[in-house]
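Trainee: Heads up: the sequence lines are chains A and B, in that order.
FYI, the numbering for the first sequence is 1 to 780, going by our numbering.
FYI, the numbering for the second sequence is 1001 to 1146, going by our numbering.
I should point out that these hints are in silico values taken from the structure, not numbers from a laboratory.
Wrong hints could be hidden among the right ones.
As the list claims (entries may be wrong) - Lysine to aspartate or glutamate pairs mimicking DMTMM-like chemistry, simulated, CA-CA at most 20 Å apart:
hint: 1; chain 1: A; residue 1: K59; chain 2: A; residue 2: E17
hint: 2; chain 1: B; residue 1: K1131; chain 2: B; residue 2: E1068
hint: 3; chain 1: A; residue 1: K389; chain 2: A; residue 2: E404
hint: 4; chain 1: A; residue 1: K57; chain 2: B; residue 2: E1045
hint: 5; chain 1: A; residue 1: K51; chain 2: B; residue 2: D1088
hint: 6; chain 1: A; residue 1: K79; chain 2: A; residue 2: D151
hint: 7; chain 1: A; residue 1: K427; chain 2: A; residue 2: E394
hint: 8; chain 1: B; residue 1: K1125; chain 2: A; residue 2: D692
hint: 9; chain 1: A; residue 1: K25; chain 2: A; residue 2: D529
hint: 10; chain 1: B; residue 1: K1111; chain 2: A; residue 2: D127
hint: 11; chain 1: A; residue 1: K59; chain 2: B; residue 2: E1144
hint: 12; chain 1: A; residue 1: K312; chain 2: A; residue 2: D167
hint: 13; chain 1: B; residue 1: K1111; chain 2: A; residue 2: E184
hint: 14; chain 1: A; residue 1: K642; chain 2: A; residue 2: E715
hint: 15; chain 1: B; residue 1: K1125; chain 2: A; residue 2: D690
hint: 16; chain 1: A; residue 1: K558; chain 2: A; residue 2: D577
hint: 17; chain 1: A; residue 1: K173; chain 2: B; residue 2: E1045
hint: 18; chain 1: A; residue 1: K769; chain 2: A; residue 2: E449
hint: 19; chain 1: A; residue 1: K25; chain 2: A; residue 2: D244
hint: 20; chain 1: B; residue 1: K1015; chain 2: B; residue 2: D1129
hint: 21; chain 1: A; residue 1: K302; chain 2: A; residue 2: E184
hint: 22; chain 1: A; residue 1: K476; chain 2: A; residue 2: D623
hint: 23; chain 1: A; residue 1: K427; chain 2: A; residue 2: E715
hint: 24; chain 1: B; residue 1: K1111; chain 2: A; residue 2: D690
hint: 25; chain 1: B; residue 1: K1125; chain 2: A; residue 2: D577
hint: 26; chain 1: A; residue 1: K57; chain 2: A; residue 2: D97
hint: 27; chain 1: A; residue 1: K398; chain 2: A; residue 2: D244
hint: 28; chain 1: A; residue 1: K51; chain 2: A; residue 2: D127
hint: 29; chain 1: B; residue 1: K1111; chain 2: A; residue 2: E129
hint: 30; chain 1: A; residue 1: K648; chain 2: A; residue 2: E449
hint: 31; chain 1: A; residue 1: K312; chain 2: A; residue 2: D136
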Amino acid sequence: MATAPLGGIGVSVPRKEDARFIRGKGNYVDDVQLPGMLFLDIVRSPYAYAKILAIHKEKTLAVPGVLAVITGKDLEAAKLSWMPTLMSDTQMVLPTDTVMFQGQEVVGVVATDRYAAADGVAAMEIDYEPMTPVIDPFKALDPGAPVLRTDKPGKKDNHIWHWEVGDKDGTAKALKESDVVIKEKIYIPRIHVSSIETCGCVAQVDSMGKLTVWLTTQAPHAIRTVFALVSGLPENQIRIISPDIGGGFGGKVPVYPGYVIAVVAALTTGHPVKFIEDRTGNLTSDSFARDYHIEAEIGATKDGRLTALRVKTLADHGYTDAAANPSKFPAGMFHVITGSYPFKTAFVEVDAVYTNKPPGGIAYRCSFRVTEAVHAIERLIDILAHQLKMDPAEFRLKNFIPPEAFPFPSVLGWTYDSGNYAGALKKAMEIIDYAGLRKEQVEKRKRGELMGIGISSFTEIVGAGPSKDFDILGIKMFDSAEVRIHPTGKVLARFGTKSQGQGHETTYAQILAEELGIPVEGISVEEGDTDTAPYGLGTYASRSTPTAGAAAVIAARKIREKGAKIAAHLLEVSPDDIEWVDHKFQVKGVPGKSKTMADVAFAAYTNHPQGMEAGLEAVDYYDPPNMTYPFGSYIAVVDIDKETGQIKTRRFVAVDDCGTIINPMIVDGQIHGGLTMGFAPSMLEEIQYDADGNNRATSFLEYLLPTAVETPRWETAKTTTPSPHHPIGAKGVGESATVGAPPAFVNAVVDALEPYGVSNIDIPLSSYKIWQVIHAKDPR
Amino acid sequence: MHVEGDFHVRAPVAKVWAFFRDPVTLAGCLEDPHEVHATDATHFEGTMTTGVAFIRGTFRLRGSYAAETPATQMQVLLQGSGMGSGVDAALTVSFAELPEGTAVHWTGEIKMSGTIATVGERLVKGTVDKKVTALFAAARAQLEPA
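Bound conformation, chain B alone (with noise of 0.2 Å):
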């Protein structure tokens, strides 16, 4: 499943750089109940309780930081297993200055295998769009100026 989509922050570039580069803030922004942990300095770790239709449960995440151009680009494979499903993501991560804050493009491609993989694409993409939404609305909220 193919994701892709922009986020724009009033922060500068650094700043939202090494927010994303943190996975337990990132992991903080997410709305599912979650503990993140890094193992070492590219990797980390832990667990979220999540859904995905009539999919619920825990999943097992890890997780690494690759191909990285500091203040410019990323990549972040993701691999998730719970549930009888297992979740591998390998996302690029872009940043680029504006004006008045940085612009974020994410593009990469989800693969699901087990009972997830039954669900509708449609369905799935509507909750990943949703959770993203959520994520990023809660990370500008922590990342601007009040």
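The following block holds chain A by itself, in its conformation from the complex (with noise of 0.2 Å):
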């Protein structure tokens, strides 16, 4: 491992682009200022289904400023109404005859100030003819439900797609043979991730031709491709830069209608166009995530082993399916749902159906599904322990995956890299004293007094990911680094991913150091921007460490192979009698004779050895054997007033395990943000839409982040578990926390509430459903 001035692995080095954010000096889209710039605004629907019956675009264009309205109409006549999603399904750009859900984009104004746009869509003026929507995904279902998606030939209902693994017949008959079997229902509603900065974008095509977008995403380079696909320009006539940006989680990973029509309105206007979000356009239109209506049964024999494990999921996508899976999984990494259990047998299947809402189905800061099912099997855990009469705690020690069970084949198709399962949990146990916490509540039982303790042991997949299994539109889920050392030993190291925040600049230059043997100060990060860094897929699902990490790792032992041949007619010996030892290239056996990675740069470009290509760069494209598995154990404990239904967190504990640690502080900011969003849904933040498809949260007086005030106080550990695949041994941990902390709590809220008999709550645990359940019937 480096040492503290080098900066390299499991150093908490201060992070480097801090330097810029914490002085306000970030650069992000809506900082882009260009000559003659204009503004483009959006109309939406006011109705969740609707016809249009006209569009009155007189008084819009009369509004001083306004320059251009866009319609479907406008973008029809050139192939552009309609849009592919990441799921192969297709999205309106703007709609020519039928709005599919409240918030829609239905206009577009351009105009030369953001002000005058904004006026533009004010006094438009559009005929609906509003129609009965499809809210309720059930009931969309239903044989005499309208057909959403006329647009869809020969398309007769409403449903999207099944997805089946596992043993359907097996399962079935594991769990008529348990002792115990206990069935629940879960719904883990619509969420939205509210970045702080919305999405947004600013077009420009230069003289000659090329279009080039300043764009918040987290895959610019895939963007890029679907940009291509869709206008038909050629790809190297596109140039996605994705500046800084304030918070991505899964977020901006689609591509949204406002980008399209702003690339529209540049294209047609040759003027440059900025599309900013606002937070309401950003709340309605933009995509959602979870909504899936889970029903789950869980058998184990009377003695305490789990036996099998059946569930049957209905996902609401919403009007398209713009979730951004892997190709072959479109629910996502959901049958990671056996959890830290070695179950012999399971069965899942999950259909998908369309209703009048907005896109649904992207991540949140959870790969691919993961936080619906780790919520799901670790509250079916704690409801079985409760039925069999064992502690919870207990319980999960009785049945975890054993540490020497790894690599461990799960029943339903993926294999598990490393873990210590036991190990996380005991000793998040230690910590917050679980054994004194059990005799607390007894006492407090005795009083009337409700207090919980809830405990989530969640194992989350991570990586995406092996190109055998994993693409996205057909694009293999690789990533690439491609490092570059200068004649004076400073690095440029360049990757496909792209960081929202999670601090990439250091961390890679962190690894980077680890591997070159140069100051991690010395070297100088860049991503997001398609004409200058190698493709890769992009940033999300806590992939960045496990496939550019090891990337950048590969590209580094690359340049020291062809470092060492330097540093042999350096030191006139035999390339074979070159090792690297304490981060520079040394004569076996001599310690006094070496030369370190500067020495070698500058030689590469100076000295080097005829016949040998000069410079000393590499650049690898990562295809991951397999995924990482982080996994962790974390303890919450809870207090509830009875009068009012207030949930009070006393502590949370949060072991986690995410292999070896490249910067322990990031990683620490990584899981305080993630309980923090953890938090936010199990207590607070939910989207709902009435019968109508109104949305009930277009703000965020609705639609509530927790602040400093509500959020509780984190105790964070960590174990260690290395992967044995990744390059060294690093797992992500970008979503951890969000995945394993909403089971945490409500295990605690529903411990605390066994007086009352009741074996599940649905998120967010709302105050007053709290107080409803403490208010139905007197406690036995």
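Got two chains here, each in a separate frame; can you build the complex from them with the hints?
Mentor: This is how it looks when you write it as structure tokens:
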């Protein structure tokens, strides 16, 4: 491992990017200012489902400063009124005759300034004929339900796809033979990523016809390819620049209609065009997460051994499936739902359905439906433990996959790389004094006080992914690093990923510092410009370190191979006599005879061996052999006020294991942020629709984000179980805490409410829901 | 949202009926800036600048009279859109002769969509009640003898 001055792996190096962020010097899309730039604003549908009878442009065009109005008919003429989603479904850019959800983009207004564009939007008159929307996903599948996607020839219902995995008959038999079987319905509601920076872009076409788009995107290369496919422009004539991003969390993976309209506006007006969503537009039309209606059964023997798991799920995707899942897995990695337990048989099926809601299905800081899976299994384990009258910790410890079983083939098709689940849970129990808390709970129950303890022992699956299984729109999910060492020993490294606040400029530099022996401050990291960075699939689903981080290691080691030859040349020995020791090239067995990477870099440009190519650089496109499987155990302790139903989180201990830790401070930051983003939907966040399809959370007045006041104090700790296949043993960590936290909260609250006989409460755990449970009946 | 109310005025029922049957005259009682004109014998349209909570701006209105029984009952259908919101209202207005004037009873449903639908119903209802009260006060001033 590196010494602190080098700033390599395991050192809490201050984040290099913070030098600009904390001084307000970040460069976001909305900071881009170009001469002659125009502004786009969007008229949105007030109805969830309606026919467009007429669009009256006259008053909008009469607004001073308004230059153009773009409708679906205009785009249809250019064959641009529809676009593909990342799940190979289709999505309207602008509608020509029917609006499919409230908040849908209906008309684009282009003006000389942002205010004129907004005035133009306000002046727009559109005649609609409202129709009865399909809001309930179960009713959407009723035989008589209106068929929403009439644009699809032959479509006779609202069913999108059915996907299943596992042994259906074997699971049914195992459940039938189980001593105990419990069945539970769990709903994971719609939520929204709510990045502080909303989505937006600036589109510019230069005098040579090249399109440059500054875009809030987590996946610039994939987006460039999609733009090329949609627009017909040659891909070399498209440049996507993703500058600093103010939070992505999955919401900045898809292509949104506003982006395409802005590009069309730039192409037609000849001026650069900026589009920045307002908060309501962001909350009502951008892709949503979750919305899974889960019905699950889990079986066990009477002595507490798990037997089988069966899960049936209905996924509400809104009017189009715009998720960003790998092609092979339309329900993402939901089938990691067997969790940390060695089930012998399981069966999972998911059906997706269209409704009159915005496109749904993106991840929101969870690796492709893992939050839903973890929530379900960790809730079921608690309910089953209760049914068996076993302590939930004891029940988990009895059933965990043992450390010696790794690599562990799960019954639903994954191969878990490494884990020590009991180690993490025992550590969390020790930190929080689990035994002491249980004693305290007994005493409090005697006094009629409501105190609960909730455990979540989750297994994540991140790092998509091996090309044999993972692609998006056919593009394999590798990622890349291009590393160049300058003559003076300084490094420029470019990646196919894109940081949205995770700290890539620091962690990638630390990986390279470790591998190249060059101090971290001498390493510059660039991402997000498709004209300069190597092709990659971007940053989401905690994939950057498992893929691009690995690519950085491999590229650095390629450089070291060449460097060894140059060092041998400088030291006048055979390359076979050179070894990499203590971050330098050294003659085997002669510690005093060595060359640093800086020495070698200078020679690579000034004194390289004859016949060798000059320069010192390498590129690697890394195709991971497997996913990585970070894990952890969380324990929440809550107290509930019986009069108000208010939940107070007294303590929350999070023990995480993400393999080799590159920067402990950044990992802690990721976990603190993730825990808060797990707390938020557990307690506050939900996008609800009324029967007419009205979104009831169109601003932060209704869509409640936790502030520092509501957020509990997090206590974090680590265990370290390296990934055996990642070149430095690292696993992703960006989403573990968001995935693991919600079931810990629900398990704690349900545990506190044990006297009332409740088995499940769906998130968010509002005070009103809790009050209703308490006042529905007297405690047993 | 259900709305219902009564309004008593010291004027003969025929005069009150005629007042309510003229959209331009009736709209003249609105306190918000507006412009309303009849498009035929039973239809009217116009604009009204108004606000509920933080939502303020101009609504485009279209309306019609239906199911009329002269001097007894009428149905007023209203459709409004603007500010990212939509409003659909179906109101039944009944007229009954009193010894000293006319009793007007109205009842109906207002359906909201878009941004305005996110505002709490109590807040919207409070605003509607306030504006209706102001409208009838202005109507009474015009209908009753000085």
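Trainee: I'd like to know which numbered hints this structure contradicts. Please list them from smallest to largest.
Mentor: As far as the earlier hints go, 1, 2, 3, 11, 13, 14, 17, 20, 25, 27 are violated by this structure, in ascending order.
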